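Student: Residue numbers (the working numbering), protein chains in the order written: chain A, 498 to 647; chain B, 37 to 340.
Worth flagging that the hints you see were computed from the coordinates, not collected in a lab. Zero decoy hints are in this set.
No farther apart than 20 Å at their CA atoms in a straight line, the calculated lysine to aspartate or glutamate pairs in the EDC-like style are these:
no. : chain 1 : residue 1 : chain 2 : residue 2
1   : B       : Lys273    : B       : Glu130
2   : B       : Lys273    : A       : Glu617
3   : B       : Lys273    : B       : Glu325
4   : B       : Lys273    : A       : Glu637
5   : B       : Lys273    : A       : Glu618
A quick note: this is a predicted structure, and the numbers were derived from the prediction, not measured.
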Amino acid sequence: MLESLELTVNGDRHALDAPVGRSLAEVLRDDLGLTGTKIACYEGHCGACTVLLDGVPALSCITLVHAVGGRGVTTIEGLREHPLVDAFVREDALQCGFCTPGQIVSASALLAANPRPTREEIGHAMAGNLCRCGAYRNIEAAIASVGGGR
Amino acid sequence: MELLRPRTIAEATAALRDGAVALAGGTEVVPLLRDGPLLAARLVPLAGVVPRGVDGRRATPEAEQSHEVGAAAATAAPRPVLRVGAGTTLAELEVDPEIPAALREACRLAASPQLRSMGTLGGNLLQATRCWYWRLHSGCWLQGGDRCHAREGEHREHAFFGNGRCASAHPSDPAAALLALGATLRTDRRELPLSELYRLPRDDDRSTTTLAADELLLELEVPSPDASVYLKAMDRKRFAFALVGVAAARSGGEVRIALAGAAPIPWLLAAPDALDEATPLPGTSYKVEVARTLVDRALEAVAP
Ligand SMILES: Cc1cc2nc3c(=O)[nH]c(=O)nc-3n(C[C@H](O)[C@H](O)[C@H](O)COP(=O)(O)OP(=O)(O)OC[C@H]3O[C@@H](n4cnc5c(N)ncnc54)[C@H](O)[C@@H]3O)c2cc1C
Ligand code: SF4
Ligand code: FES
Ligand code: FES
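For reference, chain B alone in the conformation it holds in the complex (with noise of 0.2 Å):
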């Protein structure tokens, strides 16, 4: 294996359309690289080329505050907007007062303490399935194969929507706190709402993101709601991934609802009801009732 040394944006993005991996925290990467789903002859760090911390605290203009309609929008007061960069970690994002209550307690609430201060949130929102079946190299449908192993097996901790194909549930805390925020997602060509990062897995295409193989995630933009929060629901108090993890986001008045352990991707959820329409597997069927209850606590905790 090679380590490259890129020193900007270019040359990074030319060494991976050349079939080198990226590399941030590395704590996806190394160890999917050790165990055989990833495959690399070249890594790529990203520390000195992809922004890190949090910065650009400006306000936006109103009118491209579309979330806020009418009478409310015309006397509402410009709302900050922060700039994360993708290499910002977790741990750094748990202790900023200044980011929303959802995504700073969805970091929290991630992985360990170590792992937290190891991993970037570009690299967190990039995170494969924590299926077993995947991780263990089975060829499964996500793979390529023609099966969805868990579907069979053991799916107890896999999803409850968008589980057509793939049952895998998004593993992600802060994806889902970003969804609800409204984040925009700035890479090295483009600028699209995180929502559009994400896509389920079809047939002819098993990739779960829009990325191209070349693509560098750089800046998160993340509006400051009037309250937001994330809950989880875990095997355990600390350390563990979300069973359900559930992030609500109150701007004016229109609250956004997010889900992460529900779906192959980070999941947002129409309304509250929208969890009448979930299709759970056997062993998740748990789970919609976990979301049901985490919802009402979530709108609770919003509620003006």
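If we strip away everything but chain A, and leave its shape as in the complex, we get (with noise of 0.2 Å):
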């Protein structure tokens, strides 16, 4: 059943019709043509699909669209002008790049509440990014340069 709502995404509002069940992944990459969000597993496992909702990071991959509500989305779209982008290329933080949008959503969440994370505390806040290449020391090094250099 096609049920219309509104969704706001990186600060911009959007009205669209979507069937009941859509996923906010599904929405984000073919409706709306943000791409940057990746979808790997499908099924709440892997983390390449993170958002922020309301600056919480999702798996957009298994939040339905209609269940997203009032909360604001954020995509790696908007987060261009993190210090976390640079820091990834920096660090050499990625090889096949597909987990990296979702590993900066997520980072991007970690710093925002704590912005001098220890090793462990980047460790819990991640591990729900999973990657497939192997760059963890690097993307731990990314982070925390991020956050000891703020």
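Build the complex: two chains, separate frames, hints provided.
Tutor: See the structure below:
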């Protein structure tokens, strides 16, 4: 059943129709053209699809778009100016890059809540973002470099 | 699919009576709908209907403290009991200093940060087995078929108690913590010890809970112990289901121990040496040894 909804993404309001059951990730990628958000496992295991809902990391692949309600969505496209982006390049924190948008989205929430996280706090906050290329050490270093540099 | 908008508990339960499926954080419901084990024409979102948050921090009258007997009970100060809404997220519980350590740790060690922010306590207690034969919709015994495929197949992550029919291992960390803490559950129609929410599946009724199809979990009452702990063995350090999880809670002289990853339902261990009565499959005998070690460590951690 098609049901209309309003969605605020990176500060922009969108009015759209979507079938009930459609995921936020599909709407972002296929309806709004925001393909920075990746879909990998499509079942909550990997974190590639992570976006912020009112600042809190959530998995857009298993979030029904109609359940977002009034919460503001932030995707990787909304974090273009974030210092983490440069830090990931500087620290060589990616290989294929498929997990990177989700990593940066999660890390941005961590740094917003805790500007100088310890390695243990980074490990705890980033546990839901898997990297099949195994770039974990450099991902941690990139986050720590921004955390330490503030 | 249709999304209903109930505003009250009565509206939500009426919709469930008509065959709709309750949707809390959706971390279980959405993947199961997509993959097939769950079918629904209508979803009933519970946000705003089921209580969320921790409150009503109140003292229990001493008369209700049945676990304390004799002289200790006569002199003990009333124990605070926390009321936790079933709609509270695991992320909220993980950082609440008033939540007993066992439950806080169980939430902190469960799933991933994103899942803990989305997933509710009620949904966690009602999560289905992670047995792959079940998830892949193989028509196994628990799904109404006549064989448990795990028994002859892959079962390294499976049960070592209560596995006579279905050999799956209940994955909930918070459920083990709440069992050890002696939590009580309030639904829209009854109050019951959490242990009575669960039942081993039988040939004539393969459900693992006693919840009616239209019944809602509303709130848990969690007593404050003198000490409690949750220990979890995993295949990796973070973000993995429990191979074995052990919760222990001491109130006065009594210690309660409960296990995750041990049986098709969260498992209360009558005493540490009850592990001698375990019924492991060939692939799960290692779990009994893991459980022994974790139980020893947990008892040490809660000792006065
Ligand atoms: C990849 C992954 C890893 C995980 N790892 C762990 C782990 O290590 N440890 C662990 O304990 N858990 C783990 N989980 C489970 C996770 O914690 C649960 O999926 C989550 O807590 C469920 O909550 P929810 O609000 O999303 O439930 P939903 O998906 O919304 O609902 C789950 C079930 O409960 C029913 N329901 C929900 N609320 C109520 C209510 N109030 N009354 C009646 N029925 C209700 C729904 O109808 C549904 O059947 C993991 C999950 C995933 C996807
Ligand atoms: S362990 Fe239970 S869920 Fe898994 S195949 Fe056997 S009967 Fe099915
Ligand atoms: S694509 Fe959403 S968690 Fe993997
Ligand atoms: S860089 Fe390839 S998955 Fe992380």
